[in-house]
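Colleague: Chains as they are written, first to last, in our numbering: chain V, -4 to 107; chain H, 868 to 980.
Calculated from the structure, these hints are not laboratory results. Among the clues, some could well be false.
Computed from the model, here is a short list of chain H residues facing chain V with C-beta under 10 Å [unchecked claim]:
#1 P910
#2 E911
#3 E925
#4 P928
#5 C935
#6 I968
#7 G974
Below 27 Å or equal to it, Euclidean Cα-Cα: the simulated BS3-like pairs (lysine-lysine) are [claimed, not checked]:
#8 H:K907 / V:K65
#9 H:K889 / H:K876
#10 H:K885 / H:K920
#11 H:K889 / V:K51
#12 H:K889 / V:K65
#13 H:K885 / V:K31
Glycine is no exception: its CB is placed at the ideal position from the N, C-alpha and C atoms.
So the chains spell out like this:
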Amino acid sequence: GQQVMQIPQYQHVQEGEDFTTYCNSSTTLSNIQWYKQRPGGHPVFLIQLVKSGEVKKQKRLTFQFGEAKKNSSLHITATQTTDVGTYFCAAPWETSYDKVIFGPGTSLSVIP
Amino acid sequence: DTEVTQTPKHLVMGMTNKKSLKCEQHMGHRAMYWYKQKAKKPPELMFVYSYEKLSINESVPSRFSPECPNSSLLNLHLHALQPEDSALYLCASSLRGAGDIQYFGAGTRLSVL
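Next up, chain H with everything else stripped away, as it sits in the complex (with noise of 0.2 Å):
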């Protein structure tokens, strides 16, 4: 299984919203990401947890909150977004560290109004 789960697939939310985005992999990897997207650009990094712990804070505004509850689980806690926020958020997973094969999910297409 080389699947990354991401729910919800869609999401709309106005500025005042909180919501919260979800990834999931069962394949043992032990560095999970987040990643945001803008149309015809390259995925830009936001987050990377490694071994549950968070090793990269890409300088992401306190409005977007990542949590890894557990190996398996990561999610992105989000709040009182702008609408230049709205993009493809990605989760990606990789066995150990960036420099492995990084797997992604089908991402979360986020509107905010």
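Excised from the complex, chain V in its bound form (with noise of 0.2 Å):
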């Protein structure tokens, strides 16, 4: 069945470092999704990839789609403490628009 794995599945950087998190699906998706949830919150909507290689970028935060549309990265260029948080990517389940897949997430810690 589909699966969306994300790795590492923890990353502690000292402020100012670089971050990276990579999403891979083993099927080919339509679109991915890229959410961050705060400590004690909720998730909240970061950007969506529709394109093969497409690259979108905000800010310090550069997103990525492979050009087989199965993986995904998400790069943060000198990271700073309101970074913390957990980053997840989320891709419709192939068989149902109806649903989405999320992946176990990435919790980043910044170390200021």
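Hints are included, so try docking the two chains, each in its own frame, into the full complex.
Modeller: Right under this line is the structure:
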């Protein structure tokens, strides 16, 4: 069945260092979404990628969608303490437009 | 307005109680979702309503009963819950389906004693 995996599970970085999380799917995706959940908070939408090879930037965040549309990455340049949280990738279930599958998430800690 | 409102924010209930969680959105979204989230885990889909009809039930125990009174409201009725049901319950909505951006409410943190 369809699976979405993320690595690493946890990442601890010094403030100012870069951070990358990777999302991999067992199947080709129609699109992929990224969400951020702060500690004690709820998931908040960051970006949606649709096209093969797509790259989108939001200030210090860079999102990529693989050429085969089976993987994606989120890169944060020069992390800040405000980047702390868990980053989830999410993709529509291959057999149902009504369902989305979330990756297990990458928890980012930033040491000031 | 991109807000999904959930009430209550916190709920403590005994195993014999009956309670309801409420969710409301006024974005004109036609898909609404209930998720359950345990600590350090991703949201786990429970139910999906599409155009006010239940379209997905992820084999959720019958002690959880969803209801969609209209396109803006979603309820989750709780009865005879177990301590392992303690979790953060998230409501979300999207324009048409899960392939669209999902907007999450702040959640209800439920403790079952």
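Colleague: Quick check: which numbered hints come out false for this structure?
Modeller: 4, 5, 11, 12, 13
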